[in-house]
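> Given next are the chains, with one letter for each unit.
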Amino acid sequence: MNSAQPLISYAHVAKTFDGGRGRERVVAVDDVSLDVAEGEFLAIVGGSGSGKTTLLRLANRLIEADSGSITIEGEDVGNADPILLRRRIGYVFQSGGLFPHLSVAGNIGITPKLLGTPPDEIAARVDELLDLVRLDRAPYRDRLPHELSGGQRQRVGVARALAAKPRIVLMDEPFGALDPLTRDALGDDFRELHRKLGLTTVMITHDMTEAILLADRVAVMRSGRLLAQGTPAELSGSKDAYVGELLRTPRRQAERLGALLPRDGAA
Amino acid sequence: MNLLADPRWSEALGHLPDYLGNHVRVSVTALALGLVVSLPLAIIARHRPVMRGALLGLASIVQTVPGLALLALFYPLLLALAALSLSWFGFGFSAFGFLPAVLALALYSMLPVLRNTITGLQGVDAAVLEAAQGVGMTPRQSLFTVELPLALPVMMAGIRTAAVWVIGTATLSTPIGQTSLGNYIFAGLQTQNWVFVLFGCLSAAVLALAVDQLLALIENGFRNRSRLRATLGGVGIAALVAATLVPTMTRSQTNYVVGAKTFTEQYVLSALIAQRLKAAGLSASSREGLGSNVIFEALASGDIDVYVDYSGTLWANQFQRNDIKPRQDVLAELKTMLAKQNITLLGELGFENAYALVMPRKRAEQLGIRSITDLAPRAVGLSIAADYEFFSRPEWAGLKKSYGLSFRAQRQMQPDFMYAAAASGEVDVIAGYTSDGLIAKYDLVVLNDPRRAIPPYDAMVLLAPKRADDQALRKALQPLLGRIDISAMREANLRASGNDANSSPDAVARWLWEKIGTK
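Keeping their order, the protein sequence lines are chains H and U. Following our numbering, the numbering of the first sequence begins with 1 at its first residue and continues without gaps. Following our numbering, the numbering of the second sequence begins with 268 at its first residue and continues without gaps.
Computed from the model, here is a short list of chain U residues facing chain H with C-beta under 10 Å:
1) 395
2) 397
3) 398
4) 399
5) 400
6) 404
7) 408
8) 412
9) 413
10) 416
11) 417
12) 419
Hints were generated in silico from the structure; no laboratory data involved. Backbone N, C-alpha and C fix where the C-beta goes; we use that ideal spot for every residue, glycine too.
Given the sequences, and given the hints that come with them, work out the whole structure.
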């Protein structure tokens, strides 16, 4: 595929939710156009209710768009079978979304199983993926999700998303519920996976610091609208007040940390 | 007396393979049918609020119908359906026993299964459902690999409740002709055989507890994702069902089924008939505790082969006659009317068991009451008790009309208790049965019926249509006809109402045969 052609492309996409009985209609995504190039790591940043999760789910048709078009690998998703579409796009859920009644191996192998992969191939793939997300094979393979820590659960979630060897991975606030150390380690590990496997990743986060540290490009959403997009450097040139506000926080944190932590102190 | 040395325990134990096997068969079938219907309904209804409400509402209404009434309602319903199917498709089916019991119990089992399945499925975490969709499951795959496995513990709790309800309620299927552990309880209540009542209650309770605990083991296995426990429970259930069913499966089918209604005399007479058939080398079994209307229809459709009914009951109930005729005319007309339904009136046994107004001898003498005519003017100050059906029977309407009777109070009672109630003065008058041994025991007196408002009630043997030309059967029963007089029957009934080892219907029937056979 020509790398000039975007792998994921949103063109004038809109989605409105019927608010339910007696409540107002909510415009979740409002005329958004956005391209993600092959191999790119894009972070979508916004507060709650900004429409960032909806935008992500439109890509694998967990939610159907009202208008506009979304193409993935050059194909309009509206024409694709949603079930097959989801099986070839990895999806990492907030706090894992693991099936509580299935073992780690059962969770990781679920999409290959749905695709009809033979059991011995699935078992081999599960071991490979456990190595990839840095969990020891023997002690973890047969554990149930409730026997894992939050970070381990999210590693399994990532492994599950990668099981069917997708080119695209969508991540819905994957590291939001983790403690800072775990979060940092997982973020670095995933960034490495993204590079090694040549993935195209779209990650949702409310944390601008995380977005800047992990992503190649950052898109900012508010009230369903895409306010700005670009590399961190490009974003800092934005005239939008909200974007400026979002960028000020990490900058201020960095300055304060720099002042408070002596450079040659204990790490 | 040593309680455990009572021979009635071993007699009760002798019935256990038959009663328990039938009980398990009807319960398991009903539960299976209930599950097969409820589970898909619950799955379809879980996302449809209107259907869900309607289903749960309907199932709750069913639950409020008393078990006995629900079972009783299915009998006429199926009878009508069987008649329809016979006229439309050319084949009928038995509306007696197994089928109505299974249908009513299945209906009874639906509420807990529906409710817990819907609750269980709705309780599955929304995030997990999203994940199922996100990894590329079809709705069907999501249901079977994620939702149902996660809802299973809650569903199993509902199935446990349903199983216990069905096993308990199945004891009530005896009156519609389904043999069950209820046979002990109904027979025991009628013949004051408390050993039987206790045995029936205990065995039903033990069965329910055993099934509940085994299902609990399966539920526990699901909850803790322990395959071992779930398997153990499943194997236990299968073993229990097999162990209770095998003895009744391998038993040879008996040829003749003897019916009995719900009172002591009927238990004794059916035991007597069964004994005579066996003595003649025919195999026989009893279906006891059948309701008055059920038993006649069961005979007409061939579900039972022989039983004893009373001329007045047939006259008034089955043929809806309320005219008063002399005894011989009633018998002759009955014979013709029965012949139209191909039922054979084999003959009379020799005694009458009529309804009669009965009161304590002393009280009657004090008040100077000898007949119902004497009673009528004093009735407004007196109370009357009768069995569960008397006040809705045509005899009662006839009595009220002929004598202008009107009592201060009217009560319904278990027949065996009302004689004692009359003797103790708790009620003033009872509608008793003339052949009842308790009349003599409690020193009661039967009031004359000068206006003949109560029709004659000759006990007579009826044969099913398919047994009309059965010479072996006729020959075996011939020695009973005309041989049992009122005093013999009264004494037999008195013996059967005792609460000791010699008062079982079988023992009394043997005594009665010796008394009349050697006469």
